[in-house]
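*Asks:* Whole structure, please, built from the sequences with the hints as guidance.
4 protein chains.
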Amino acid sequence: MVYMKKKAAGADDIVGKVVRGEISLHKIEDYTDPRSAAMARRKAIETMTGSELESIGSSSLDYSQISNKNAENVIGYMQMPLGVAGPIKINGSNASGEYYVPMATTEGALIASVSRGMKAVTMCGGANARVIKDGMTRAPVFELGSVNDAADFVDWIGRNREGMRKAAESTTSHGKLKEIVPFLMGNNVWIRFSFHTGDAMGMNMVTIASEAACEYIERNFKKARMLSVSGNMCSDKKESAVNNLLGRGKTVVADALIREEVLNNVLKATAASLHNLSVKKNLLGSAMAGSSKFNGHAANMVAAIFAATGQDIAQVVESSSCFTLTEIRGKDLYISVTMPSVEIGTIGGGSSLPTQREALSIMKVSGGGNPPGSNSLKFAEIIASAVLAGELNLLAAQSARELGKAHKALGRNAKA
Amino acid sequence: MVYMKKKAAGADDIVGKVVRGEISLHKIEDYTDPRSAAMARRKAIETMTGSELESIGSSSLDYSQISNKNAENVIGYMQMPLGVAGPIKINGSNASGEYYVPMATTEGALIASVSRGMKAVTMCGGANARVIKDGMTRAPVFELGSVNDAADFVDWIGRNREGMRKAAESTTSHGKLKEIVPFLMGNNVWIRFSFHTGDAMGMNMVTIASEAACEYIERNFKKARMLSVSGNMCSDKKESAVNNLLGRGKTVVADALIREEVLNNVLKATAASLHNLSVKKNLLGSAMAGSSKFNGHAANMVAAIFAATGQDIAQVVESSSCFTLTEIRGKDLYISVTMPSVEIGTIGGGSSLPTQREALSIMKVSGGGNPPGSNSLKFAEIIASAVLAGELNLLAAQSARELGKAHKALGRNAKA
Amino acid sequence: MVYMKKKAAGADDIVGKVVRGEISLHKIEDYTDPRSAAMARRKAIETMTGSELESIGSSSLDYSQISNKNAENVIGYMQMPLGVAGPIKINGSNASGEYYVPMATTEGALIASVSRGMKAVTMCGGANARVIKDGMTRAPVFELGSVNDAADFVDWIGRNREGMRKAAESTTSHGKLKEIVPFLMGNNVWIRFSFHTGDAMGMNMVTIASEAACEYIERNFKKARMLSVSGNMCSDKKESAVNNLLGRGKTVVADALIREEVLNNVLKATAASLHNLSVKKNLLGSAMAGSSKFNGHAANMVAAIFAATGQDIAQVVESSSCFTLTEIRGKDLYISVTMPSVEIGTIGGGSSLPTQREALSIMKVSGGGNPPGSNSLKFAEIIASAVLAGELNLLAAQSARELGKAHKALGRNAKA
Amino acid sequence: MVYMKKKAAGADDIVGKVVRGEISLHKIEDYTDPRSAAMARRKAIETMTGSELESIGSSSLDYSQISNKNAENVIGYMQMPLGVAGPIKINGSNASGEYYVPMATTEGALIASVSRGMKAVTMCGGANARVIKDGMTRAPVFELGSVNDAADFVDWIGRNREGMRKAAESTTSHGKLKEIVPFLMGNNVWIRFSFHTGDAMGMNMVTIASEAACEYIERNFKKARMLSVSGNMCSDKKESAVNNLLGRGKTVVADALIREEVLNNVLKATAASLHNLSVKKNLLGSAMAGSSKFNGHAANMVAAIFAATGQDIAQVVESSSCFTLTEIRGKDLYISVTMPSVEIGTIGGGSSLPTQREALSIMKVSGGGNPPGSNSLKFAEIIASAVLAGELNLLAAQSARELGKAHKALGRNAKA
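Taken in sequence, the protein lines are chains A, B, C and D. To convert a position in the first sequence, counted from 1, into my numbering, add 1. To convert a position in the second sequence, counted from 1, into my numbering, add 1. To convert a position in the third sequence, counted from 1, into my numbering, add 1. To convert a position in the fourth sequence, counted from 1, into my numbering, add 1.
Watch out, some of these pointers could steer you wrong.
Unchecked claim - Residues from chain B that face chain C, not an exhaustive set, calculated with beta carbons under 7 Å:
no.: 1; residue: A242
no.: 2; residue: L284
no.: 3; residue: A288
no.: 4; residue: G291
no.: 5; residue: F295
What the hints assert, rightly or not - Computed cross-link-like contacts, DSSO-like style, restricted to lysine-lysine with a CA-CA straight-line distance of at most 30 Å:
no.: 6; chain 1: B; residue 1: K134; chain 2: D; residue 2: K179
no.: 7; chain 1: B; residue 1: K332; chain 2: C; residue 2: K269
no.: 8; chain 1: C; residue 1: K44; chain 2: D; residue 2: K90
no.: 9; chain 1: B; residue 1: K120; chain 2: B; residue 2: K269
no.: 10; chain 1: D; residue 1: K90; chain 2: D; residue 2: K365
no.: 11; chain 1: C; residue 1: K332; chain 2: A; residue 2: K223
no.: 12; chain 1: B; residue 1: K365; chain 2: B; residue 2: K120
no.: 13; chain 1: A; residue 1: K332; chain 2: B; residue 2: K223
no.: 14; chain 1: A; residue 1: K44; chain 2: B; residue 2: K90
Because the hints were derived from the structure by calculation, they are not lab data. Glycine is no exception: its CB is placed at the ideal position from the N, C-alpha and C atoms.
*Replies:* The structure is reproduced here in C-alpha cells:
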C-alpha cells in the first residue's frame with residue numbers, strides 16, 4: 002500500500018516539529034506512513050518526557066492496520082506475556098472437544114491455577130456449556146415534558162416496533178433487532194434495544210443502528226427528545242442489575258460434576274470443604290459486601306482471555322459478572338457458573354490484530370463462523386468453561402490455604 | 002544468565018515430546034531456557050491446534066523475566082497498540098505539571114476522544130486531583146459455632162489489634178496494617194484488613210500478611226476457623242458497596258471548571274446540555290439500571306491505562322468505580338470524578354515488564370518513588386485526571402450525537 | 002350469627018384452663034364466640050405476663066370477622082391515630098378531583114407536612130398521575146439436575162405458556178396471567194408469573210394460581226422440581242432490582258409543576274434550592290449509601306396510607322420504592338415520583354375491616370370498582386400523588402432547615 | 002385537663018364552618034378539646050366526601066395525648082387486630098425467659114405460622130440472641146466548592162471530633178455521640194453521626210443533636226454549607242448498603258439449633274430440605290433478584306411487631322433487612338438471622354400510646370429500662386428471635402408446599 006503524504010517532511014524533521022508544537026501529535030500520519038509516524042511520535046514523546054521507549058517501539062508488527070482503526074496517537078505496541086491454559090474438554094452446544102485457551106496476563110500463578118482446574122474438569126468428562134441468550138444492547142435515553150408524555154411515549158413504542166426495527170436494520174447487513182424494552186422514570190424514557198450481531202461483539206453496529214431508530218422515533222413522536230444514544234441502561238462497561246436480569250452479549254452457563262477422587266487427588270479437597278467455602282465466600286461474602294458478583298475471581302479468566310483475543314478489556318467489568326454455585330452430590334461436587342453478559346466478538350475490533358487473531362485461532366474461533374455467529378457462540382462457551390475451571394481451582398486453593406503460598410512461590414521476585 | 006537444564010533435549014525433540022504428551026506443557030522450562038521453551042510450546046500448540054502463531058512468537062523481548070513470575074505456559078507475547086493521550090495539566094497533591102498518558106487499546110476513537118477532553122481541561126487551567134485514602138485490603142472469612150461465639154470473636158478482635166498487626170507486619174518490610182474492620186453475619190466473621198503498601202499495588206503482600214494475622218488469630222481464639230484468606234469482603238476483582246464506602250487501593254478525586262468558551266469551541270457544547278445529560282445518563286440511567294457505577298465510561302480510560310502500565314487488568318472491574326458529577330456554575334461547567342478503589346502499583350506485578358515499565362516512565366512514575374509510595378499516589382492522580390477528561394469528552398460527544406459518527410469515521414473497517 | 006361451640010366452658014373457666022395449659026392459646030375459639038375468645042385470651046395473657054391490657058381490649062368492633070381470616074390468637078385491637086391530609090387535586094387517568102387522604106401514624110408532623118405539600122400542589126393545578134403497569138407477581142423456584150436441563154426447561158417454558166396460563170387461571174375467577182418470565186442461574190430456574198388481579202392486591206390469589214401452574218409444569222416437565230412457590234424473585238416484602246425494572250403491583254407515576262410564587266410563599270423555597278437538594282440528597286446520597294431508593298421519605302406516606310387502609314404493611318418495604326426527580330423550569334420546579342411496585346387492594350385482606358374500609362371510602366375507593374380493577378388503579382394514583390406532595394414538602398422543610406424545629410415543636414413531649 | 006379554647010364555637014357550628022372553609026381542617030383544635038375536634042373533623046370529612054366513618058370514630062381512647070404529638074388532623078383511630086405469638090424461649094444477652102410477642106396484622110396465617118416456629122425453637126432450648134451494635138444515625142450533607150475543599154473538610158472533621166460531640170450532646174440529656182464517619186463524593190461530604198439514644202428510637206433526638214453539630218461546623222469551617230441535616234446516608238426509611246455494613250439502630254443476631262425430631266414432628270421437614278430451600282430461595286433468589294435482603298419474610302414479623310408496639314412503621318423498610326442463614330449439622334438444622342438495622346424504642350413516639358404501651362408491657366419492655374437502654378436492647382433480641390421463628394417456619398411451610406393451602410384455609414373469604 003502506498004501512503005498518500007499530504008505534506009512532505011523528513012523523519013527527524015517531523016520529530017522536531019512535533020516537539021516544537023508545529024505538528025500536532027495526532028497529525029503525524031498526515032506526513033508519513035503509519036509505522037514511521039508511530040516511530041516519530043515515540044521519539045517526540047521520549048524527547049518531551051525524558052523517557053526511553055525502546056521496547057514499546059520494538060515490535061515488528063504492521064502499523065498500517067491499526068492506523069485510525071484501533072487506536073490513535075500510536076507510539077508502538079504494549080507487549081504482555083501470552084500463555085495457554087488447558088487443555089479442557091468441553092461438551093458445549095457449540096464448542097465441542099478439547100481446547101487450549103490463550104491467556105494474556107502479568108499475574109503469576111493465574112494460568113497455572115486455571116490449568117489445574119481444567120485438568121480436574123477434563124478428568125471428570127469435561128464441562129457442559131451453553132449459550133442461553135444472545136443480544137447486544139444499546140439504550141438511548143429520551144426526555145419528555147411530563148410523566149403523561151412519557152407514558153404516552155411508552156405506549157407509542159409498543160405500537161411502533163416495526164418502524165424502529167426497519168430503521169435500525171437499514172444501517173447494517175448483519176444486525177437483527179430482537180428486543181425493544183422501554184423503561185420509564187419520571188419524564189424520561191430509556192429504550193433498551195437488543196440486537197443479534199453475529200460474530201461481532203457489535204457495540205458499534207448497535208450504536209449506529211440505534212441512532213437510526215432514534216431518528217425514526219424523533220421524526221414520528223415529536224415530543225420525545227433523545228439526549229444520548231447511550232443512557233446507561235445498556236449497560237456498557239458497568240455491571241448492572243438490568244444486565245444480570247435481561248442479559249447483554251452472550252448469556253452463558255457451564256457446569257461439571259467433579260468426582261471425589263479428582264477432588265482428593267488433583268484438587269486436594271473434599272466436596273464438603275469446597276461447597277462450604279463457596280457458600281460462605283461466593284454467596285455470603287458478596288452479599289455482605291453489597292456486590293452483584295457472586296463468584297471468586299471470574300474477572301481473572303475473563304480479563305486474560307479478553308486481553309489475549311482482542312476483546313474490549315473495559316468490558317471485563319460486566320463480562321465478568323458470574324454466579325458460581327456448588328452442590329454436594331454424594332461425595333462429588335457439582336459446580337456451575339452463570340454469566341449473564343459476556344460481550345465478545347471474533348471479528349471486528351481488536352480481534353483482527355495479528356497476535357489477537359492468532360490467539361483466537363488456537364481455539365478455532367478466529368473470524369466469522371460458519372454459520373455466521375457460530376464462532377462467537379463457541380467462544381462464549383469456551384470462556385464459561387475456563388471460568389468454571391478457574392473458579393473450581395480457586396475454591397480448592399483457598400480451602401487448602403495455598404493462596405499466599407502460591408504467590409510466594411511463583412511471584413516472589415516480581416511482587417512482594 | 003545460564004539456565005540449568007535439568008534434562009537435556011533438542012528443540013525439535015521437545016516439541017515432539019510435548020505433542021506426544023511425554024513432556025507436560027508446563028514442564029518445558031525444565032529442558033531449556035525460557036525463550037526456547039516458549040518457542041517450543043508455541044510450536045507444540047500450533048501442531049496440536051492447527052494454528053499459526055507467528056506474530057505471537059515475533060517479540061524480541063526477553064523471556065527470562067516473565068518465566069514463573071508473570072505468567073506460565075508462555076508461548077509468546079500479545080501485542081496491543083499503545084498510544085498516548087494528552088498532554089493534560091494536573092494540579093494534584095502529588096502529580097503536578099503536564100502529562101502524556103499512555104493508553105493501550107484496540108478500541109478506535111478512545112485515545113482521540115480522551116485527548117480532546119484533556120485539551121479542554123488543560124485550556125481551563127488543568128485538573129485538580131487528590132488521593133484521599135490509601136489502603137489495600139484483604140478480608141479473610143472465619144467460621145464459628147454460633148452467633149454468640151461470633152460476637153465474642155468480634156469483641157476479641159477489638160481488643161487484640163496489636164497482636165494482629167505485629168503478626169501481619171512481620172511478613173513484610175514495606176506493608177503497614179492501618180485498619181482492621183470486622184463484619185459479622187450469623188456465625189461467620191470477616192475481618193477486613195487494610196494495609197499501606199507503598200508503591201506496590203500490594204495484593205500479594207497483603208495476602209501473605211493477612212495469612213500471618215490469621216495464624217495469630219487461630220492460635221489465640223481457638224473457636225474461630227479461617228475458611229479462606231479471601232472471603233469476598235476485600236472485594237477483589239468485583240465491585241462492591243464496601244469498596245465504594247470504605248475504599249480499596251487509592252481513593253482519588255479530581256475536578257475542573259470548564260469555561261464557557263472552551264465548552265463552546267472545543268467541546269461544541271454548553272454547560273446546560275452537558276449537565277442535563279450527566280444527570281439523566283450518569284445518575285438516573287445508572288439508578289434505573291441498578292448499577293453501582295454512576296459514570297459514563299470510566300472503565301475505558303482505566304482499562305487502557307492499566308493495560309499500558311502492567312496493572313492487573315482484572316482489577317479494572319472495581320478500579321473503574323466512579324461517580325461523575327457536574328454542576329452548572331454561571332455558564333461554566335464544574336465536573337468532578339470520585340474513584341473509591343483504584344488499585345495500582347508502580348513496582349511489582351506487570352509494572353516491571355519492558356513495555357509496561359516504559360509506559361510508566363512516560364509519566365515519570367516508573368519504579369519506587371521518593372519518598373516511597375509517592376509514585377503510586379502520583380499515578381492515581383493522573384488516572385483520575387485522565388478519567389475526568391474522558392468523562393467530560395463523552396458527555397460532549399454524546400450530547401452532540403457524535404457517538405455513532407465517530408465510530409463510523411474511525412472504526413469503519415475494523416468494526417461494523 | 003350463632004357460634005357453634007364444640008365444647009362448653011364458662012368464661013373464667015376458659016382463662017384458667019389456658020393459663021394452666023389445658024387449652025391451647027389458639028384453640029379458645031373452639032369453646033366460645035370470637036369476642037369472648039379474644040377477651041379470654043387477653044385475660045390469660047395478662048395473668049401469665051403480669052400486664053394490664055385494658056385499652057387493647059376496649060374496642061367495640063366486631064371480632065367475628067377477623068376470626069381466622071385476618072389474624073390468629075387475637076386479644077383485641079391495636080389502635081393508631083388516624084388523620085387526614087389534603088385535600089389534593091389530582092388529574093389522574095383514573096383518579097380525578099380533590100381528595101382527602103387518610104393516614105394512620107404515630108409520627109408527629111407527618112400529616113401536617115404532607116398537607117402543606119398537597120396545598121402547594123393543588124394551588125399549582127394539581128398532580129398528574131398514571132398507572133403505567135399493573136401486575137402482581139409470584140416466582141416459584143425450580144431445581145434441575147444440570148445447566149442443560151435448566152436451559153431445556155427455559156425453552157420448554159417458552160413453548161408452553163398456554164398450558165401454564167390455563168392451569169393458573171382455573172383457580173380464580175378474577176385473576177388473569179399476563180406475563181411469564183423465566184430466569185436461570187446454574188441448575189435453578191425461577192418463573193416470574195405476573196397476574197392481573199383486579200381490585201385485590203392479589204398475593205394469595207396469585208400464590209394459589211402459581212401453585213396450579215407449577216403442578217402443570219411438574220406433570221409435564223418431569224425433570225423440574227419445584228422447591229417453593231416463592232423463590233424471592235417475586236420479590237415480596239423485599240425491595241429488588243427486578244421489581245424496580247419489571248414492576249410489581251401497580252407501577253405508577255405522578256408529577257406537578259410548582260410555580261415560583263407557591264415555592265416562595267407556601268414552601269419558603271426556590272426552585273434552585275430544592276433542585277440542588279434533591280440531586281445531592283435523593284440522587285447522590287442514595288448512590289453513595291448503596292440504596293435502591295432514590296427519594297426522601299416516600300416510605301412515610303406509603304406506610305401511613307397502608308396502615309390506614311388495611312394494606313399489608315410488610316409490603317411497605319418495596320411499595321415505597323420511589324425515584325423522586327426534579328428539574329428547574331424557568332423559576333418553577335418540576336417534580337415527579339416514579340413508584341415501580343405499589344402493592345395495594347381495595348377488596349380482600351385488611352381492606353374489609355371496619356376502620357380500614359371506612360378509610361378507603363374517604364377516597365371513594367372502598368370495595369370493588371366499576372369497572373372491576375378501577376378502584377385499585379385510582380387508589381394507586383392517589384398514593385403516588387400523596388407521595389409527590391410529601392416529597393416536595395420534605396425538600397422544602399430540609400432546605401429551610403426546619404426538620405429538627407418541626408419535631409421540636411410538634412413532637413417534643415412524645416419524643417426526645 | 003382543661004382545654005383553653007381560643008375561640009368559642011359549638012360542635013355543629015364547627016363542622017359547618019369547616020365544610021364551608023371558614024375553619025381550616027388543622028385549626029379545629031383552636032376551638033374545642035381534642036376529642037371533640039377529632040369528632041368534628043370526622044363529621045366534616047363525612048360531609049365533604051360522602052363517607053360514613055363510624056368505626057373510625059368509635060374509639061373510647063383519650064385523644065388529648067395524640068393532639069399535636071403523634072398525628073395531626075386526627076379524625077379517630079384506625080383499629081387493627083392484635084394477637085400474640087408464642088411463647089418463645091429466648092436466651093439473650095438482655096432478654097431471657099419465655100416471651101409472648103404481640104403482633105398487629107391483617108394478614109391471616111401470619112401469627113399462627115410464627116407461633117409454630119416459636120414452638121419448634123422453644124422445644125429445642127430456645128433462641129440465642131444478642132445485640133452487637135447500637136447507634137442511631139443521622140447524616141447531614143455538606144456542599145463545598147471543590148474536591149480540594151471537600152478533602153480539606155474531611156481532614157478537618159478528623160481533627161474536630163470533640164467540638165462536634167460537645168455541640169451535639171449539648172442538646173440532649175440522654176444521647177451520646179459515638180461515631181463520626183465522613184464520606185466524600187466530588188465536592189460533597191456526608192457526615193454520618195451515630196448516637197447512643199438509650200431506650201428511645203432516637204430519630205428526633207439525633208436530628209436535633211446533628212443540627213447542633215452542623216451549626217458548630219458551619220461556624221468553624223466556613224467553606225462548608227450544610228444542604229440538609231439528612232443527606233440519605235443515614236439511611237432512614239430506605240434500605241442501604243451503609244446500614245447493612247455499619248448498622249443503624251440495633252444490630253442484632255439470633256440463632257437456634259433445630260433438632261431432627263422437632264424438624265420432623267413439628268415442622269414436617271428435614272434439615273436437608275430446609276437448608277436447600279434456604280440457599281436457593283434466600284441466597285440465590287435474592288442474588289438473582291438484585292435485592293439486599295437475603296431472607297424469606299422478615300418484614301412480616303417486623304411489621305406486625307412494629308405496628309403493635311408503636312414503632313415507626315415506615316422504618317420497617319430497613320429494620321427488616323435480614324440475612325437468614327442455615328447449616329446442616331448432622332441431621333439437625335442450624336439457623337441464624339442477622340439484622341443490621343432494627344430501629345426501635347420503648348419510650349417516645351408511638352410507644353406511649355395506650356394500646357401500644359400495653360403491647361410492650363406484654364414483653365415487659367414498656368417505658369425506660371433499668372439500667373436505661375436495657376428495655377430497647379431486650380426488645381431487639383425479642384424481635385430477632387421472633388424473626389428467627391418466622392423464618393424457620395416459612396422455610397418449612399414452603400418446603401412442604403403449604404403456602405397456598407394455608408392461605409386457602411385461613412384467609413379464603415377475606416382474600417381470593
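*Asks:* Determine for every hint whether it applies to the structure shown.
*Replies:* Status of the hints after comparison with the structure:
| no. | hint | in the structure |
| --- | --- | --- |
| 1 | A242 | 4 Å, holds |
| 2 | L284 | 5 Å, holds |
| 3 | A288 | 5 Å, holds |
| 4 | G291 | 4 Å, holds |
| 5 | F295 | 5 Å, holds |
| 6 | B:K134 to D:K179 | 22 Å, holds |
| 7 | B:K332 to C:K269 | 27 Å, holds |
| 8 | C:K44 to D:K90 | 21 Å, holds |
| 9 | B:K120 to B:K269 | 13 Å, holds |
| 10 | D:K90 to D:K365 | 14 Å, holds |
| 11 | C:K332 to A:K223 | 25 Å, holds |
| 12 | B:K365 to B:K120 | 20 Å, holds |
| 13 | A:K332 to B:K223 | 28 Å, holds |
| 14 | A:K44 to B:K90 | 21 Å, holds |
In summary, this structure violates none of the numbered hints.
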